[in-house]
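Participant: Given only the sequences and the hints, what does the whole structure look like? Please build it.
Residue numbers (the numbering used here), protein chains in the order written: chain B, 1 to 125; chain H, 1001 to 1125.
One or more of the hints may lead you astray.
[Unchecked claim] What follows is a set of in silico ranges between Cβ atoms, one per label pair, in the way DEER data are often shown:
{"#": "1", "chain 1": "B", "residue 1": "Glu17", "chain 2": "H", "residue 2": "Glu1103", "range": "35 to 45 Å"}
{"#": "2", "chain 1": "H", "residue 1": "Asp1077", "chain 2": "B", "residue 2": "Gly38", "range": "29 to 39 Å"}
{"#": "3", "chain 1": "B", "residue 1": "Ile13", "chain 2": "H", "residue 2": "Gln1110", "range": "39 to 49 Å"}
{"#": "4", "chain 1": "B", "residue 1": "Lys36", "chain 2": "H", "residue 2": "Glu1041", "range": "29 to 39 Å"}
{"#": "5", "chain 1": "H", "residue 1": "Thr1025", "chain 2": "B", "residue 2": "Asn61", "range": "28 to 38 Å"}
{"#": "6", "chain 1": "H", "residue 1": "Lys1102", "chain 2": "B", "residue 2": "Leu96", "range": "47 to 57 Å"}
[To be verified] Here chain H is said to cover these stretches of chain B; the calculated rule only asks that three of the stretch's residues, wherever they fall, bring their Cβ under 8 Å from a Cβ of chain H:
{"#": "7", "region": "37–46"}
{"#": "8", "region": "60–71"}
{"#": "9", "region": "96–102"}
Quick caveat, the hints were computed from the structure, so don't treat them as lab data. A virtual CB, placed ideally from N, CA and C, is assigned to each residue, including glycine.
Protein chains: 2
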Amino acid sequence: MRLLSYHGGHCAIANLEHYRQCIQTILTKHGSFKSKLGDVETELIFDTIHDHYQLMYVGWNGLSRVYYSVMHFDIKDGKIWIQQNMTDVDLAQELLEMGVAKEDIVLGLQPPSSVHGIWGGVGAS
Amino acid sequence: MRLLSYHGGHCAIANLEHYRQCIQTILTKHGSFKSKLGDVETELIFDTIHDHYQLMYVGWNGLSRVYYSVMHFDIKDGKIWIQQNMTDVDLAQELLEMGVAKEDIVLGLQPPSSVHGIWGGVGAS
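Facilitator: So this is what it looks like as structure tokens:
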């Protein structure tokens, strides 16, 4: 993983690339734990153009369909949105430990009214 | 969309690129119909490295979370897997009409025992 240095708000592009790398590193790490269910694949989905990133389980456990998103991040307007987390991993904490600014983390999986308050990611100055 | 000509099994790479374009064209077309629910975004997720492609609705309708995959394709071993379809659109038919070979379409959202029989996509010679 490439770590980039920060200089206040003067390196938005470097930040963005760093954020992309952080997300992919986190998903790759958690994607290395394979599902113990039947014929199920772990899918890492990285769209660096639209900035959508996912870890999914897809397949079959006998006659039961297994199809769900385990983790999902988006990057919008320079902020990382946590859109899905089906684990007990504290994804926001992992991002913070990798150098992501607190005000750039948005808990998209909480109702819009809470998003503004908890992390200050939306509309924060 | 770029259409490539076929010459039997001699243009696997061209086929693959054509299949990628077909999938992205289909998802983009269906993604143009916006959800009428509250604050919901249509996400087009194209990972041309891992060959995973999705159309998702993500957001909030009041205090209700909206988070689901509408359509999902994978490409594995030169075949297109339809992994999810929450609509009444016949995705296999759309692929056929775009020139995808019938034996290269796999209905991943049907149990493995059926997949082999219906389209012959898995293990078909």
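Participant: Return the numbers of the hints above that this structure violates; sort them in rising order.
Facilitator: Going through the list in order, the structure violates hints 2, 9 and respects the others.
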